[in-house]
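Asks: Hey, can you work out the whole structure from these sequences and the hints?
Protein chains: 2
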Amino acid sequence: MVERIFNFAPGPAVLPLPVLEEARDALLSLGDSGIGVMEHSHRGGPFDEVIASAEADCRELAGVGDDHAVLFLQGGASSQFYMLPANLLPEGGTADYVLTGSWSKKAAKEARLYGDVHVAASSEDRDFAYVPDVAALQFSDRPAYLHFTSNNTIVGTQWKQEPTPPDGAFLACDACSDALSRPLDISRYGIYYAGAQKNLGPSGVTLVILRRDLLERTERELPTMLRYATHAEQGSRYNTPPTFGIYVMGRIFRWLLDQGGLAEAERRNQEKAATVYDAIDEAAFYQPAADADSRSLMNVTFRTPSPDLDARFVAEAEAAGLSGLKGHRSVGGMRASIYNAFPAEGCRVLAQFMKDFAASHG
Amino acid sequence: MVERIFNFAPGPAVLPLPVLEEARDALLSLGDSGIGVMEHSHRGGPFDEVIASAEADCRELAGVGDDHAVLFLQGGASSQFYMLPANLLPEGGTADYVLTGSWSKKAAKEARLYGDVHVAASSEDRDFAYVPDVAALQFSDRPAYLHFTSNNTIVGTQWKQEPTPPDGAFLACDACSDALSRPLDISRYGIYYAGAQKNLGPSGVTLVILRRDLLERTERELPTMLRYATHAEQGSRYNTPPTFGIYVMGRIFRWLLDQGGLAEAERRNQEKAATVYDAIDEAAFYQPAADADSRSLMNVTFRTPSPDLDARFVAEAEAAGLSGLKGHRSVGGMRASIYNAFPAEGCRVLAQFMKDFAASHG
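Protein chains in written order, with my numbering: chain H, 1 to 362; chain E, 1001 to 1362.
These are calculated hints, taken from the structure and not from any lab test. Worth double-checking, as some hints may not be accurate.
[Said to hold, decoys possible] Dumping the calculated DMTMM-like pairs for lysine to aspartate or glutamate here, alpha-carbon to alpha-carbon at most 25 angstroms:
(1) H:Lys106 - H:Asp133
(2) H:Lys106 - E:Glu1345
(3) E:Lys1106 - H:Asp308
(4) H:Lys109 - E:Glu1219
(5) H:Lys105 - E:Glu1221
(6) E:Lys1109 - H:Glu219
(7) E:Lys1105 - E:Asp1141
(8) H:Lys160 - H:Glu271
(9) E:Lys1109 - H:Glu91
(10) E:Lys1355 - E:Asp1281
(11) E:Lys1160 - E:Asp1127
(12) H:Lys106 - E:Glu1216
(13) E:Lys1106 - E:Glu1091
(14) E:Lys1109 - H:Asp133
(15) H:Lys355 - H:Asp308
(16) H:Lys105 - E:Asp1281
(17) H:Lys109 - E:Glu1264
(18) E:Lys1105 - H:Glu219
(19) E:Lys1105 - H:Glu221
(20) H:Lys105 - E:Asp1032
(21) E:Lys1106 - H:Glu219
(22) E:Lys1106 - H:Glu233
(23) H:Lys106 - E:Asp1291
(24) E:Lys1105 - H:Glu233
(25) E:Lys1106 - H:Glu271
(26) E:Lys1355 - E:Glu1345
(27) E:Lys1105 - E:Glu1318
(28) H:Lys109 - E:Glu1221
(29) H:Lys109 - E:Glu1091
(30) H:Lys106 - E:Glu1233
(31) E:Lys1160 - E:Asp1125
(32) E:Lys1105 - E:Asp1133
(33) H:Lys109 - E:Glu1216
(34) E:Lys1109 - H:Glu216
(35) E:Lys1160 - E:Glu1216
(36) E:Lys1109 - H:Glu221
Replies: Structural data, given as structure tokens:
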């Protein structure tokens, strides 16, 4: 057995060890079925149970009631960037977007294929180092929806609270990098979507929580697979879904519930992030990349005094069993991605490494 | 360790045991990296190697040269049904479709959103029990492409050889249920696509082999994710791909190569299918669902003298460790799906079970 190391990768990212062990056992036989989890028909009894319990656990975990559908789709958030406006931005309509990073910009770009995009706020003036003030958003007249990115993986910023859309508009959220990492009032959202590969599972499955009344609004003639209603009516099984990804995601929902749910997840995530931010703030050697009031609990970004030292930090950390700390090329420096499944011990080891590195190179 | 049973499911379907064992070992650590295969960044060195070797092994296995791109996409064949015409059926153009089952019909339905569909032949007159004569196809004037479904999972028919499109048109193939199960002359194809979950891997990853010159033909303004060129230019990593599915598919390509490649796969598939077809033909008790000259090597369909006996056959087979033999509801009877990874021993056990069942109920 090879020893596992601390994996700070931004996604795909570390998964809970008990879930990996369970998945490993299920690969050759799901339960005592004699058929591996990837080999079961998506229409058979055992997979019926897999998908039903994944949905039920998601609903329990996130407090999702009957007003919202829970969908397991493919194509990542990048596919939601166009499915959302294709289905829910009417011809001639406007959607409001808050630009807080390159993913928000990509989402807005796809929406422009289907209607007008109004920028309600942007933090591009300072390279997205902050999240705009909720009170300062400037809405268009009667937008169909307000879209925001709840956590920005690249720079390491996060909304403390979701914005409130103007009357008549629904709230749309790309929650890829902080999905189900803290308590959620889903009743405030028209659509909440996330690729699994940061907080929720392996890449290749996308969680979409969608208010059911919005299913009626699709006016465009779209391919069958691109209509939200297709997937809602067929329980995410219009065609063969990514069965193994849904299985793993379901086991992660269950793991989160067993750990104490989203309140406990938030407590642990706050504690983990504080360990690393404290190490940044204690030493003048490190500079944070994000404004203090916009700091992400998921992606902690920082720099040493020089790009050379940054590179040395990353290399020495890697050698010490702290992997994946290199920052995104557009920001430089370091990024510690510490999603739900990342262990607190890894944050403590990183903080100690940071102190030692500052002492020997400061 | 639970004993594995014979899994005749039509897809997701049985996978090669050595590949499952390898995947099981990689779940907690890919090689000696200390990071599980699902947890590695899609932009890191270890996954670079996973996707590069998957592509290289696919090219070696199927004889794919530089004229074709090999793409790993999401969304199944159902997404190719609209991506193909969205990208490659020009405004005002016509595409020719051969209808050999409900999947062909679904493919043609999605194409009608983008242009005219001409039916070059159909076997719906006899419930798709046969594949039309290649020489009898009636083409439209100057179609953009000719689309066919190489194997029809539901009724159990298969083209012995691909049709030849008229001059100026390219050949498009939905190969979901017989992909890489026999030697392939890819130079005859403009596009060859297959969801993985029958012959090639788990559900959630789609193999698309596409002639590169076609990438220039997309005229419509499409969402970034829906353009073939996006994925070809970015090596299937424009966004986060289904990394684990690509890993498993790659290991299956390697397994097929190690077994002797596509010629050997065809030899084994012919032998396996003959075992079951012989059991059908030997007893007047069983009726095949497909015409003799159109029989599939992948899905063997048959009926007993009555629906009651069919149900009894399925139940007794299940109890004997032969799972997933119930036919599709539109055809009834039984269906033995025996893709690349299905073991020959399972076909022999089924044939013996059929003899015994006919003897005791005939």
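Asks: For this structure, which hints from the list above don't hold up?
Replies: 2, 3, 14, 16, 17, 20, 23, 25, 27 and 35
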